[in-house]
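S.K.: Assemble the whole structure, with the sequences as input and the hints as a guide.
So the sequence lines, in the order shown, correspond to chains P and B. Quick note on the working numbering: the first sequence kicks off at 1 and runs consecutively. Quick note on the working numbering: the second sequence kicks off at 1 and runs consecutively.
In short, the hints are calculated from the structure, not lab data. What you are looking at is a predicted structure, and each value in this text was computed from that prediction instead of being measured. Hints are not guaranteed to be accurate.
Claimed, not checked - Here chain B is said to cover these stretches of chain P; the calculated rule only asks that three of the stretch's residues, wherever they fall, bring their Cβ under 8 angstroms from a Cβ of chain B:
1. 34-46
2. 82-93
Said to hold, decoys possible - Quick partial rundown of chain P residues pointing at chain B, CB under 7 angstroms, derived from the structure:
3. G28
4. G31
5. G96
6. K97
7. F100
8. G101
9. Q102
What the hints assert, rightly or not - From the structure, some residues in chain B lie toward chain P, with a derived Cβ separation under 7 angstroms:
10. M27
11. M41
12. L43
13. E101
Just so it is clear, CB atoms sit at the ideal spot from N, CA and C, and this is done for glycine as well.
Residues per chain, in single letters:
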Amino acid sequence: GQSLEQPSEVTAVEGAIVQINCTYQTSGFYGLSWYQQHDGGAPTFLSYNGLDGLEETGRFSSFLSRSDSYGYLLLQELQMKDSASYFCAVRDNQGGKLIFGQGTELSVKP
Amino acid sequence: NAGVTQTPKFQVLKTGQSMTLQCAQDMNHNSMYWYRQDPGMGLRLIYYSASEGTTDKGEVPNGYNVSRLNKREFSLRLESAAPSQTSVYFCASSAAGGLGEQYFGPGTRLTVT
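M.R.: And the structure:
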């Protein structure tokens, strides 16, 4: 079967660093994406890793290890506005079809 | 540039009623998708269209039909709504291949009583 595992909740304080892990088991693998969703809103794309290694975009970085079927999203200098749900998603074929994890709810405290 | 638009934003149906959710994108994307999201859950793919003229089932297609009307528009139809279809429905689009980047509409909040 196809499955993605990520923690359901993470809490951190403003200014800290937090890492959200994602492990996957899928029939095909072409890349790992991360999405952010604020309460009641639409998911928005954060990053994509097609190859092993680290991708950095401002305060956010994403890492992939295909041999370990594992990736993570790293959020630095946390701000209150980063409180949201974060989803990892596997691109499982050459098209754009994604399989989403169940999401990690991040709470940033003052 | 409106991106991805969806109508309606909210809808309440009685069991057995039918309705069509509309989605349009103005980014000239080839691929379009319909997801449902239940409380505390991730997004589950209902149907997708890799390109104009093609549609394929996703993870949870039962009870739904789709039409890729043209490159811009992709509709989702519930023929006989059931309470289990109460959910938030998101439409998304991506360029061909997409590299994992999809653009989502604002969602339709559907309640079936």
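S.K.: Give me the numbers of the hints this structure contradicts, sorted from smallest to largest.
M.R.: 3, 10
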